[in-house]
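> This is what each chain is made of:
Protein chains: 2
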Amino acid sequence: MQKIKDYVSANTDRFLAELFELLRFPSVSADPKFKEDVVKTAAFVAQKLEEAGADKVEVCETAGYPIVYGEKLIDPNLPTVLVYGHYDVQPADPLELWDTPPFEPTVRDGKIYARGAADDKGQFYMHVKAFEYMMREQELPCNIKFMIEGEEEVGSSNLGTFVKENKERLSADVIVISDTAMISLEQPSIETGLRGLSYVEVEVTGPNRDLHSGVYGGAVANPATILSKMIASLHDENNHIAIPGFYDDVVELSDAERKALNEAPFDVEEYKADLGVNEIWGEAGYSSIERAGTRPTLEVNGIWGGYIGEGAKTVLPSKAFAKISMRLVPNQNSARITELFQSHFEGIAPKSVKVKVTPHHGGEPVVTPTDSIAYKAAEKALHETFGKMPIPTRGGGSIPIVALFEKELGIKTVLLGFGLDSDNLHSPNEKYGIDNYLKGIETIPLFHKYFTELSK
Amino acid sequence: MQKIKDYVSANTDRFLAELFELLRFPSVSADPKFKEDVVKTAAFVAQKLEEAGADKVEVCETAGYPIVYGEKLIDPNLPTVLVYGHYDVQPADPLELWDTPPFEPTVRDGKIYARGAADDKGQFYMHVKAFEYMMREQELPCNIKFMIEGEEEVGSSNLGTFVKENKERLSADVIVISDTAMISLEQPSIETGLRGLSYVEVEVTGPNRDLHSGVYGGAVANPATILSKMIASLHDENNHIAIPGFYDDVVELSDAERKALNEAPFDVEEYKADLGVNEIWGEAGYSSIERAGTRPTLEVNGIWGGYIGEGAKTVLPSKAFAKISMRLVPNQNSARITELFQSHFEGIAPKSVKVKVTPHHGGEPVVTPTDSIAYKAAEKALHETFGKMPIPTRGGGSIPIVALFEKELGIKTVLLGFGLDSDNLHSPNEKYGIDNYLKGIETIPLFHKYFTELSK
Numbered sequence: 001m002q003k004i005k006d007y008v009s010a011n012t013d014r015f016l017a018e019l020f021e022l023l024r025f026p027s028v029s030a031d032p033k034f035k036e037d038v039v040k041t042a043a044f045v046a047q048k049l050e051e052a053g054a055d056k057v058e059v060c061e062t063a064g065y066p067i068v069y070g071e072k073l074i075d076p077n078l079p080t081v082l083v084y085g086h087y088d089v090q091p092a093d094p095l096e097l098w099d100t101p102p103f104e105p106t107v108r109d110g111k112i113y114a115r116g117a118a119d120d121k122g123q124f125y126m127h128v129k130a131f132e133y134m135m136r137e138q139e140l141p142c143n144i145k146f147m148i149e150g151e152e153e154v155g156s157s158n159l160g161t162f163v164k165e166n167k168e169r170l171s172a173d174v175i176v177i178s179d180t181a182m183i184s185l186e187q188p189s190i191e192t193g194l195r196g197l198s199y200v201e202v203e204v205t206g207p208n209r210d211l212h213s214g215v216y217g218g219a220v221a222n223p224a225t226i227l228s229k230m231i232a233s234l235h236d237e238n239n240h241i242a243i244p245g246f247y248d249d250v251v252e253l254s255d256a257e258r259k260a261l262n263e264a265p266f267d268v269e270e271y272k273a274d275l276g277v278n279e280i281w282g283e284a285g286y287s288s289i290e291r292a293g294t295r296p297t298l299e300v301n302g303i304w305g306g307y308i309g310e311g312a313k314t315v316l317p318s319k320a321f322a323k324i325s326m327r328l329v330p331n332q333n334s335a336r337i338t339e340l341f342q343s344h345f346e347g348i349a350p351k352s353v354k355v356k357v358t359p360h361h362g363g364e365p366v367v368t369p370t371d372s373i374a375y376k377a378a379e380k381a382l383h384e385t386f387g388k389m390p391i392p393t394r395g396g397g398s399i400p401i402v403a404l405f406e407k408e409l410g411i412k413t414v415l416l417g418f419g420l421d422s423d424n425l426h427s428p429n430e431k432y433g434i435d436n437y438l439k440g441i442e443t444i445p446l447f448h449k450y451f452t453e454l455s456k
Numbered sequence: 001m002q003k004i005k006d007y008v009s010a011n012t013d014r015f016l017a018e019l020f021e022l023l024r025f026p027s028v029s030a031d032p033k034f035k036e037d038v039v040k041t042a043a044f045v046a047q048k049l050e051e052a053g054a055d056k057v058e059v060c061e062t063a064g065y066p067i068v069y070g071e072k073l074i075d076p077n078l079p080t081v082l083v084y085g086h087y088d089v090q091p092a093d094p095l096e097l098w099d100t101p102p103f104e105p106t107v108r109d110g111k112i113y114a115r116g117a118a119d120d121k122g123q124f125y126m127h128v129k130a131f132e133y134m135m136r137e138q139e140l141p142c143n144i145k146f147m148i149e150g151e152e153e154v155g156s157s158n159l160g161t162f163v164k165e166n167k168e169r170l171s172a173d174v175i176v177i178s179d180t181a182m183i184s185l186e187q188p189s190i191e192t193g194l195r196g197l198s199y200v201e202v203e204v205t206g207p208n209r210d211l212h213s214g215v216y217g218g219a220v221a222n223p224a225t226i227l228s229k230m231i232a233s234l235h236d237e238n239n240h241i242a243i244p245g246f247y248d249d250v251v252e253l254s255d256a257e258r259k260a261l262n263e264a265p266f267d268v269e270e271y272k273a274d275l276g277v278n279e280i281w282g283e284a285g286y287s288s289i290e291r292a293g294t295r296p297t298l299e300v301n302g303i304w305g306g307y308i309g310e311g312a313k314t315v316l317p318s319k320a321f322a323k324i325s326m327r328l329v330p331n332q333n334s335a336r337i338t339e340l341f342q343s344h345f346e347g348i349a350p351k352s353v354k355v356k357v358t359p360h361h362g363g364e365p366v367v368t369p370t371d372s373i374a375y376k377a378a379e380k381a382l383h384e385t386f387g388k389m390p391i392p393t394r395g396g397g398s399i400p401i402v403a404l405f406e407k408e409l410g411i412k413t414v415l416l417g418f419g420l421d422s423d424n425l426h427s428p429n430e431k432y433g434i435d436n437y438l439k440g441i442e443t444i445p446l447f448h449k450y451f452t453e454l455s456k
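Quick note, the sequences are listed as chains C and E, same order. Quick note: the first sequence, position 355, residue 355 per full-length UniProt numbering, numbers continuous. Quick note: the second sequence, position 61, residue 61 per full-length UniProt numbering, numbers continuous.
Just so you know, these hints were derived from the structure itself, not from any lab. Hints may be right or wrong, so weigh each one.
Pairs count within a copy or across copies, as identical chains cannot be separated in the list.
The calculated DSBU-like cross-link candidates involving lysine-lysine, where the alpha carbons are at most 30 Å apart (straight line), are [unchecked claim]:
1) 272 - 229
2) 35 - 412
3) 354 - 412
4) 272 - 356
5) 354 - 229
6) 56 - 354
7) 5 - 33
8) 167 - 272
9) 354 - 3
10) 354 - 272
11) 229 - 351
12) 35 - 380
13) 351 - 380
14) 229 - 356
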């Protein structure tokens with residue numbers, strides 16, 4: 001549609017400037033020292049929604065960080081689209097690995113480098129700008145609601161309560177979320193599944209104090225060694241997860257589904273070259289695409305214990321720790337898996353140490369329908385913008401809100417993501433392509449248009 | 001000997017005040033940020049040696065931290081004792097586990113709490129004060145030399161060169177070192193063996209950047225998981241070290257030696273209670289005393305990788321690290337063991353990661369003679385001060401200088417240590433008993449006296 005293309009090219013500089021302003025807020029929800037910045041970010045988002053033309057804009061307080069709400073209801077007989085996104089970001093460390101400061105957005109080869117560029121500031125803000133266009137050009141075809149939260153990166157702990165308490169206000173016909181990736185600008189795709197998550201922190205305690213490794217070494221259990229042995233035992237020689245019952249509820253894909261998935265373009269040599277590894281890794285009997293998208297996983301996200309400073313210290317540490325997360329697939333249950341992990345991990349601990357397992361947060365896996373009006377509207381919109389039919393893929397990430405919405409509001413979601421797997425989400429040098437950003441803004445009004453038409 | 005007893009009681013307050021002044025210097029040799037303090041400590045030690053009556057006091061520059069030298073030569077026909085000690089200390093972290101600041105010495109129930117209180121400031125300073133007494137009271141029976149270094153806690157990297165270049169200046173009949181422990185004030189003992197050390201740092205690299213554990217998890221090797229598996233494999237199910245050739249050069253103790261060692265008072269229940277562990281740990285077939293003193297060990301001194309900050313981050317780390325030290329026994333060789341470790345560790349690395357092993361520092365194991373004049377003099381002196389015959393023990397710690405001296409100068413060492421295993425060396429709340437300090441000062445002149453007499 002030429003009109004939106006023209007609007008975008010006429011406003012490109014401003015669209016980028018506003019996004020940069022948003023990216024400069026270090027809205028790291030995991031780290032208390034950024035509390036003020038996170039709150040400021042919510043206020044900024046509210047202001048931008050208002051400027052774009054939203055009514056009843058509100059920064060809704062929660063037990064944690066606020067949720068920004070806004071809406072434009074034009075006709076109760078028209079369908080309603082609820083846009084979800086999050087304004088919080090992952091921690092930026094290790095800072096020394098960033099080529100440019102994480103909160104000073106910088107453009108290189110057409111990419112915006114900044115923490116949150118793709119996850120999710122750059123992606124939810126496309127909806128704000130697309131909404132601005134639809135308002136200013138009288139192109140809004142349906143009712144629209146926005147809910148932008150600030151705790152997605154720490155498990156959306158307070159969103160559940162908010163949703164339960166605001167069912168009326170949040171009622172809609174579909175939820176659209178841009179927080180996922182497509183295969184490439186040449187090959188658009190739509191994620192139709194998301195993995196769930198169980199995140200735990202483990203603490204292994206040996207002696208009640210750090211000890212001299214010469215005086216006590218060899219005679220007292222070293223918690224770092226024991227933790228290593230325990231972690232080592234969590235995968236068997238085929239890299240299956242060795243927690244009894246872990247796979248019990250996993251729904252295996254049909255051969256047809258596996259075939260379809262593996263038809264997505266994937267070059268293992270490129271994959272290895274991009275990551276700088278000599279060999280790929282994973283569960284025996286599955287392809288890389290399946291391992292990363294359709295199989296449950298267990299990953300050590302962090303491990304520490306003893307002396308980790310400069311030089312050498314001959315200490316036998318009192319404690320060792322690890323942060324461990326498990327990605328879940330339909331129809332595993334987050335709480336159940338956390339329980340299984342906890343009892344297994346406590347069970348394998350030798351008597352020479354004490355073990356504590358603290359659940360962090362979780363989320364349920366989901367599969368989004370490909371036969372819905374919303375999916376077809378997304379297909380049509382992407383086809384028109386990219387000139388190619390999008391293909392369905394399975395995403396390895398987790399957006400717990402999707403399952404929550406289905407459960408609490410009975411509303412299905414369409415994952416209209418414009419990122420790329422190579423965007424370095426959660427990593428140093430996170431980036432988002434300027435083309436992805438602008439094409440996203442062009443695509444969104446088409447989605448609303450086709451969703452409204454197909455709903456008739 | 002009443003005279004020294006009287007001198008000590010008359011000067012107790014000053015002896016403590018001077019030690020406290022010495023303990024207030026944060027002379028942490030492992031951490032560059034304390035560089036200035038370490039250098040200041042050397043100057044303080046030199047000044048105190050001079051005040052005590054030493055000649056030719058010199059702060060000898062090295063490629064690293066300086067070595068403080070001083071001497072009193074009264075007669076070439078009399079024997080010469082060389083006193084070795086170190087003025088540097090271990091890092092104090094984790095700071096939050098200290099009940100009182102590590103560099104603000106505090107007395108509780110007759111113990112001096114401070115980093116370095118026992119290791120080694122409190123112990124080498126006894127020799128400075130005993131020397132002061134012998135000078136002021138005309139009780140110095142032989143020639144005496146002092147060499148106090150500042151890099152013991154980081155492997156005495158520059159001492160070797162210094163010793164080679166100063167053989168004449170350092171010539172002596174015996175070396176006496178107070179940097180070890182005795183069983184208790186009721187049961188004096190003399191360490192007759194020290195373990196050697198190989199210290200390495202390992203780095204395991206997976207992908208070339210931190211990755212989103214949802215997008216890549218399950219499809220790329222996680223270096224923290226791989227490092228855990230590699231560390232886990234370094235001990236077998238009997239807690240033997242599983243590095244081929246590791247035990248090849250180990251000299252097994254005779255049944256008689258094992259019997260003698262195990263006669264030292266040891267209460268496993270007290271041991272467990274003191275450390276707060278439910279079960280002891282160690283190599284099958286050996287007692288705790290043997291494990292901690294006579295067997296080689298491999299300990300993880302530190303491990304880290306991925307996100308170790310507040311909250312949760314779903315990252316698949318690019319790198320994971322560990323600091324690993326091995327304690328060696330006669331007649332293992334530090335360089336050889338480091339080589340064995342390196343080739344084994346690189347050998348067991350799966351192709352999906354890259355491994356780097358960096359040797360830190362090492363030291364050779366030693367056994368000190370029990371049939372020497374020096375040992376007999378020490379026995380006699382301790383017997384007189386403590387009213388009980390000291391028994392020989394094997395220490396688990398390492399003082400590389402002992403082997404170095406034997407090799408370079410051909411001089412044997414006697415380990416006249418007054419600490420206790422419970423002094424929390426290298427741990428938070430390091431302490432040294434005031435009685436140990438004062439009784440040490442009383443004992444040292446007796447050692448010089450008997451050593452001189454027995455040498456005739």
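> Are the hints correct? Go through all of them and say.
Hints, verified against the model:
no.: 1; hint: 272 - 229; result: both (28 Å within a copy, 22 Å between copies)
no.: 2; hint: 35 - 412; result: neither (32 Å within a copy, 62 Å between copies)
no.: 3; hint: 354 - 412; result: neither (44 Å within a copy, 44 Å between copies)
no.: 4; hint: 272 - 356; result: between (37 Å within a copy, 20 Å between copies)
no.: 5; hint: 354 - 229; result: both (14 Å within a copy, 20 Å between copies)
no.: 6; hint: 56 - 354; result: neither (53 Å within a copy, 55 Å between copies)
no.: 7; hint: 5 - 33; result: neither (41 Å within a copy, 57 Å between copies)
no.: 8; hint: 167 - 272; result: neither (46 Å within a copy, 57 Å between copies)
no.: 9; hint: 354 - 3; result: neither (65 Å within a copy, 53 Å between copies)
no.: 10; hint: 354 - 272; result: between (40 Å within a copy, 14 Å between copies)
no.: 11; hint: 229 - 351; result: both (14 Å within a copy, 21 Å between copies)
no.: 12; hint: 35 - 380; result: neither (41 Å within a copy, 67 Å between copies)
no.: 13; hint: 351 - 380; result: neither (61 Å within a copy, 44 Å between copies)
no.: 14; hint: 229 - 356; result: both (16 Å within a copy, 21 Å between copies)
Checked against the numbered hints given earlier, the structure breaks hints 2, 3, 6, 7, 8, 9, 12, 13 and satisfies all the rest.
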